[in-house]
Amino acid sequence: MKRRTIYIALVILVVAIIAGYNYMYQDHRDIQKEQAAYTGDASGFNQLYLQSNKETLLNKTVVISGIVTAVEAGGATIDDVVFASFLNQTELPKLNDKVTLKGRCIGYDELFELVTIDQAGLVD
Amino acid sequence: MLICILCGSSNLSAQKLATKSGVITFEASVASFEEVKATHSNVSAILNTETGEFASLALVNGFRFKVALMEEHFNENYMESSVYPKTIVKGKIQDFDAGLLQDQFTEYMLKGTIEMHGKTNQILVPVRIKKMDGDYVLETNFELSPADFEIEIPSVVASKIAQTVNVTAMYTLKSK
Numbered sequence: 001m002k003r004r005t006i007y008i009a010l011v012i013l014v015v016a017i018i019a020g021y022n023y024m025y026q027d028h029r030d031i032q033k034e035q036a037a038y039t040g041d042a043s044g045f046n047q048l049y050l051q052s053n054k055e056t057l058l059n060k061t062v063v064i065s066g067i068v069t070a071v072e073a074g075g076a077t078i079d080d081v082v083f084a085s086f087l088n089q090t091e092l093p094k095l096n097d098k099v100t101l102k103g104r105c106i107g108y109d110e111l112f113e114l115v116t117i118d119q120a121g122l123v124d
Numbered sequence: 125m126l127i128c129i130l131c132g133s134s135n136l137s138a139q140k141l142a143t144k145s146g147v148i149t150f151e152a153s154v155a156s157f158e159e160v161k162a163t164h165s166n167v168s169a170i171l172n173t174e175t176g177e178f179a180s181l182a183l184v185n186g187f188r189f190k191v192a193l194m195e196e197h198f199n200e201n202y203m204e205s206s207v208y209p210k211t212i213v214k215g216k217i218q219d220f221d222a223g224l225l226q227d228q229f230t231e232y233m234l235k236g237t238i239e240m241h242g243k244t245n246q247i248l249v250p251v252r253i254k255k256m257d258g259d260y261v262l263e264t265n266f267e268l269s270p271a272d273f274e275i276e277i278p279s280v281v282a283s284k285i286a287q288t289v290n291v292t293a294m295y296t297l298k299s300k
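Just so you know, the sequences run in chain order L and F.
1 is the number of the first residue of the first sequence in the numbering used here; add one for each residue after it.
125 is the number of the first residue of the second sequence in the numbering used here; add one for each residue after it.
In short, the hints are calculated from the structure, not lab data.
A virtual CB, placed ideally from N, CA and C, is assigned to each residue, including glycine.
Keep in mind that the hints are not guaranteed to be accurate.
[As the list claims (entries may be wrong)] Okay, derived cross-link-like pairs now, PhoX-like style, lysine-lysine, Cα gap no bigger than 25 Å in a straight line:
{"no.": "1", "chain 1": "F", "residue 1": "243", "chain 2": "L", "residue 2": "54"}
{"no.": "2", "chain 1": "F", "residue 1": "300", "chain 2": "F", "residue 2": "255"}
{"no.": "3", "chain 1": "F", "residue 1": "190", "chain 2": "L", "residue 2": "33"}
{"no.": "4", "chain 1": "L", "residue 1": "60", "chain 2": "F", "residue 2": "190"}
{"no.": "5", "chain 1": "L", "residue 1": "94", "chain 2": "F", "residue 2": "298"}
{"no.": "6", "chain 1": "F", "residue 1": "214", "chain 2": "F", "residue 2": "284"}
[What the hints assert, rightly or not] Calculated Cβ distances over 12 Å to all of chain L for the following chain F residues:
{"no.": "7", "residue": "183"}
{"no.": "8", "residue": "231"}
{"no.": "9", "residue": "235"}
{"no.": "10", "residue": "236"}
{"no.": "11", "residue": "285"}
[Stated by the list, open to error] Have a look at the derived ranges for each label pair, beta carbon to beta carbon:
{"no.": "12", "chain 1": "F", "residue 1": "163", "chain 2": "L", "residue 2": "94", "range": "24 to 30 Å"}
{"no.": "13", "chain 1": "L", "residue 1": "15", "chain 2": "F", "residue 2": "256", "range": "53 to 59 Å"}
{"no.": "14", "chain 1": "L", "residue 1": "8", "chain 2": "F", "residue 2": "245", "range": "52 to 58 Å"}
{"no.": "15", "chain 1": "L", "residue 1": "121", "chain 2": "F", "residue 2": "207", "range": "27 to 33 Å"}
{"no.": "16", "chain 1": "L", "residue 1": "51", "chain 2": "F", "residue 2": "207", "range": "14 to 20 Å"}
{"no.": "17", "chain 1": "L", "residue 1": "95", "chain 2": "F", "residue 2": "218", "range": "48 to 54 Å"}
{"no.": "18", "chain 1": "L", "residue 1": "15", "chain 2": "F", "residue 2": "258", "range": "58 to 64 Å"}
{"no.": "19", "chain 1": "F", "residue 1": "242", "chain 2": "L", "residue 2": "6", "range": "33 to 39 Å"}
Next up, chain F with everything else stripped away, as it sits in the complex (with noise of 0.2 Å):
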């Protein structure tokens, strides 16, 4: 459904930018425990530089961690990612226009939801865009609450996992 609305006029500047290998990298660790890091590698998006309507969705699943049993508690008791496979954010880029783009970072707001866990929350986050080589790098970092997406961590490890998690992502967004 998303992708119709995508699918738009054959102006230049009505571009449906796509990934498949976005990489999001997530970290609650808490100072002299354990690492609570991983990263995903194959997270999809779509931009379309006309409206500045951005989404991107992750499988759970492709969260890597270091530790294996990191990655199956993380799967199985935390994200539950056999009931809730995905997670996805959806929004648009405030007052976005992609012929001011230039080599050197743009910074703009994207505005929308994030849905994880089952839960939709609404999220407004700092982007950062520019224009490399024909293609379009979009970075942003910004902050979660494991809470705000009913994810429940046991009393017994509350204090190794921080209270929010620190997210990072990074895209190359290529014209189709």
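Next up, chain L with everything else stripped away, as it sits in the complex (with noise of 0.2 Å):
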């Protein structure tokens, strides 16, 4: 009886460590696979962002599409208005392509005045 009570013991211990585990040592989100908090253009993406309270679209995934208006090492400009950080450097759009890409916003950067979004991959 009490060598039972053990073996339960140990095995729900087993059981939590690994939970324990598998939660400190989650994946990283995977963006082009969540649902998107918002979808539309770069424009209206950026008034979105300006007017409303930041919270809402802060750290949420969101499809945008545009013009590619600039073009850099670390990323895209879309209609001058959304700074894209691509998480593949071999999908990097060329300069006026039309894209509609997948990121997650982290925010409003106003050296450049763009809104950024990062962790990017072009939708079909």
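Both chains are given apart, each in its own frame, so use the hints to dock them into the complex.
If you want it as structure tokens, here you go:
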């Protein structure tokens, strides 16, 4: 009877340890697999971000479409209002491309007056 | 507003250099405990080569940690990035002379302020600048204390996070 209790307690302990470990070392969010909190064009997104309470869009996944107005090593500027940093450098679009991309909104860059998104990937 | 100041004359020496892919890494690890380190690869910066004015902005959400949970705690509990989404450094590089820059690093002092977690503190840090293939490379290394920015670290984890945080920044500034 006592041995059985110990055995059950041990199983619970092992399960708890595995669950704890999985919680502590959980994977990073896969932005491309998430549902977007906003879908629309870059200008609309820029206006929405500047007018709304920041918390509604910050750290949320968004889908933006527009024309690429600038490209640099880190990412691309869309419609002169959104800067997107790409997860995969090979996906970096070319100037004047019409793109739709999905990324995570990380805030407003007041030096360049651009709403910034990171972990961006092209959406077909 | 800062951009208006920097959009200056058409004088060749009065260039506005910029980047949106500056890299900032900070580390606050304590020996034999888990690594506390994060890197941000999308830091913005602008340098006015005529006045030596420098500004850099890092959106807190952009700091990436190896451990996802640590990143979550950093944003939600320590930096409170939903309330204070950005970190800004604004200052002036003392005695800056763009004409004297070479392909070896020249050291200058950057005097200014750093705003983080809603608090602003003065900073005076050495920066190394050099010219490389037409771009300007700026690097700096300094220490910050979380307490100076009212970043509260619970006593439970205080021993696992260093008292001072080592910050390294590297920018490749290009002319617009």
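Verification of the supplied hints:
no., hint, in the structure
1, F:243 x L:54, "holds, 19 Å"
2, F:300 x F:255, "holds, 16 Å"
3, F:190 x L:33, "holds, 20 Å"
4, L:60 x F:190, "holds, 20 Å"
5, L:94 x F:298, "holds, 19 Å"
6, F:214 x F:284, "violated, 31 Å"
7, 183, "violated, 4 Å"
8, 231, "holds, 24 Å"
9, 235, "holds, 19 Å"
10, 236, "holds, 14 Å"
11, 285, "holds, 16 Å"
12, F:163 x L:94: 24 to 30 Å, "holds, 27 Å"
13, L:15 x F:256: 53 to 59 Å, "holds, 55 Å"
14, L:8 x F:245: 52 to 58 Å, "holds, 56 Å"
15, L:121 x F:207: 27 to 33 Å, "holds, 28 Å"
16, L:51 x F:207: 14 to 20 Å, "holds, 18 Å"
17, L:95 x F:218: 48 to 54 Å, "violated, 38 Å"
18, L:15 x F:258: 58 to 64 Å, "holds, 60 Å"
19, F:242 x L:6: 33 to 39 Å, "violated, 53 Å"
The structure shown violates the earlier hints numbered 6, 7, 17, 19.
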